[in-house]
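Each chain, written out:
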Amino acid sequence: MQDRMIARAKELLADGTVDRVMGWKKGEFLYDATPAVFYSAEELDAGFVMNAFTAANVSKYLIKETKKEGKILAFLKPCDSFSFRQLMNEHRVDRDKVYIVGIPSWGKADMEKIRQKGITGITSIEEREGDFVVNTILRETHVIKKYDVYLEKCKNCKSKEIVVYDELLDGENGAAVTNSRFDEVAKLEAMTPDERFAFWQNELSRCIRCNACRNVCPACTCEKCVFDNPKSGLENKAAATSFEENMFHIIRAFHVAGRCTDCGECSRVCPQHIPLHLLNRKFIKDMNELYGDFQAGEAEQQRHPVTSYRTDDAEPGVIYTRGGTGK
Amino acid sequence: MKRIALTSLDALLARIAETQALYVPVDAKGGARFEQWEAGKVLSDATNTARSAKDFFFPQTESLYDVKMTGKKLEIVDTREDGEDFVIFGARACDVRSFSILDSVFLADPVDTYYKSRRDRATVVSLACTKPEETCFCQAFGIDAAAPEGDVAAWKEEGYLYLKAQSEKGERLLEALSDLLEDADEKAVETQQMRTRWFLSALPLGKVSFEGMKQTDLMDHFKNEKWKSLSEACIGCGTCTFVCPTCQCYDVREFDDGKKVRKFRCWDSCMYSDFTLMAHGNSRNSQLERFRQRFMHKLVYHPNNHDGEFGCVGCGRCLQKCPIGMNIVKVEKALEAPHEE
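Chains as they are written, first to last, in the numbering used here: chain U, 112 to 438; chain C, 41 to 381.
Heads up, some of the hints might be wrong.
Unchecked claim - Where chain U lies over chain C, by a calculated footprint (3+ residues, C-beta under 8 Å):
1) 242-254
2) 279-287
3) 351-362
As the list claims (entries may be wrong) - Quick partial rundown of chain U residues pointing at chain C, CB under 7 Å, derived from the structure:
4) 244
5) 246
6) 248
7) 250
8) 251
9) 253
10) 282
11) 284
12) 286
13) 287
14) 288
15) 317
16) 323
17) 331
18) 339
19) 386
Just so you know, these hints were derived from the structure itself, not from any lab.
All C-beta atoms, glycine included, are put in the ideal place defined by N, C-alpha and C.
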């Protein structure tokens, strides 16, 4: 697929459709590609990469890129396209300045999960159909099923559909996928309040307030976050109390509720492996159950359940009467 | 050199824990981390902990003092916790070197007494690496993962833990454990050492060197056009700075709970837009400038001010954790590559 992407990018550069290309640039290893902008065929040949580890969602970069002159080519995976469409709905990107080629994605791998198998001293990783072949300095060869080391967001992929595009690399689109992404949320809902509190205390106690979850989040696009603004009275670089530690993540989850497409970037980047996506999925599950199925970024110009009012809206008391177990 | 059978490791740890707080790396959700040892806790085999060991001396948050108001009277309360002596057991060579880099900052005049108090109370038992990661490049900074620094150095080999005192503190610790230890020959760990050194040299980053950085003038590095493309994808989070064993910047802030004001310090990151905002405003308005600052500090300013010692120990945490896969090795390679003036 990488070769076809490079070939198509060169064509679009050559015929003047775009003047630059948003993609992923080759790193030191197979798994450390960096999102990058390419300006020429030579740059594409030298560094453009697409493999099982190019998971970074590039949609957020297009806010900055579409403020510049010219038109940029963006290759969007299905989940990236949901984020981009949501950014369009919020008027954060200029659609006319992006030429979108939708690309399929069968899932992206998590290097940490390969490490967790106890493999160290890796000299090379090769992709072979559904497997990774990992060679080590100890002359060991490990064959790992790609699916076993997929990122959480890919194991629970919600859709293979590309919801906004100018053309599709494969000529055909995917569709929504049945998934079990709310199973973990249901488990948390089934806990007693004390158990649930203990679960989150334990998870959030590992937070180092690096803000990676917020900064990578395509729904977090405030010019100045309250937590960075000394004039807000809320600014804090570290939690002074465990209450503050919890509040950062809870406030963030509330702020993106209805706008979060469940792209899973927050959990992918957390250096402390906090399952932040579960907070967002709780909101999504609640919205689905209280107001009917809703997927942020799926359609154009949609109002989400939290910002729209209908006379038949569920009363807030419903949440309590159902005992936190769903319907 | 002394040794003890690994089957008796618990007895050794229990003995240390009788008189001092003992911290060892244990496997946990989110990666290995240092925890206070108690019976039943097992020493992790992980190459390194997810967070660095700098937390022992430079914790993420630390109370400095409280200001209490009674009527119209202000009272300043010293909240310093001069706790008990403690032992860090199983720190790796990279993290142990980071302590001396932190020392060069915190113990320089004027001495940071909060930091010094912790340093004075600690005995560091390092553990030699046997299974380096592909992200390891400590050898680029003259660190020997097979012969780590520390008050005591330790090696796990063939069913035994070998221990060698390397300072007065280390000798005191081994002396207190002497009835559990037997004499051993240093030759016992030589094969392991050779193997580890060879692994490190043969891994993908085995030939990485930063020495070339010193051949170029500070301002030439500063003005290098590569900073633009290097920093372009940076999301401005603090992951690299917070997992880094040598990043040492902090902010001093207040927490007002209505009854008292607690003055505390916490880690800060030069990647943040509100870094150094308290004094005169952040002098670095773009992410390019912030990104450049972090790497210039580690690779140019720190060696310029500290006899050529870089502010990096090659632990590889930033290589593993950066959300966008940018890191200090990529920066070094880009800066060393030929560029237009």
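Which earlier hints turn out false for this structure, listed by number in ascending order?
4, 5, 7, 8, 9, 10, 11, 12, 13, 14, 17 and 19
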